[in-house]
Amino acid sequence: MGEKKRKEDSKNEFIFGKKNYKFMLIGLAFIAIGFILMAGGGSDDPNVFDESIFSWRRIRLAPTLVLIGFAIEVYAILLNPNKEKKSK
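Mind the numbering: the sequence shown is residues 1 to 88 in UniProt numbering, read in order.
To be clear, the hints were calculated from the coordinates, so they are not data collected in a lab. Hints should not be assumed to be uniformly reliable.
[Claimed, not checked] Derived lysine-lysine pairs resembling DSS-like cross-links, with alpha carbons at most 30 angstroms apart:
| hint | residue 1 | residue 2 |
| --- | --- | --- |
| 1 | 4 | 18 |
| 2 | 18 | 83 |
| 3 | 4 | 83 |
| 4 | 19 | 83 |
| 5 | 83 | 22 |
With these hints in hand, go ahead and build the complete structure from the sequences.
This is the structure we're talking about:
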């Protein structure tokens, strides 16, 4: 009897709350934007060197956005959505 009740209670609950999913989507957006900014800059001809691969956007900005996105993802996973705010 106790096992049946426990199964019924666990069927209706998600692992993460709405707040967790919002932060996960924000983190995924940061990661996607970072990878989009890293794309391109190459040359079709291997004998021609293109300086645009060393631009500030590809070397500094894009990897920083990707790392921020991964940090947001970790925060979203560790965030407790059921934590109630204490009134003072």
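For each hint, the structure was consulted:
no., hint, verdict
1, 4 - 18, "holds, 27 angstroms"
2, 18 - 83, "holds, 13 angstroms"
3, 4 - 83, "holds, 27 angstroms"
4, 19 - 83, "holds, 11 angstroms"
5, 83 - 22, "holds, 16 angstroms"
When the structure is compared with the earlier hints, no violation turns up for any of them.
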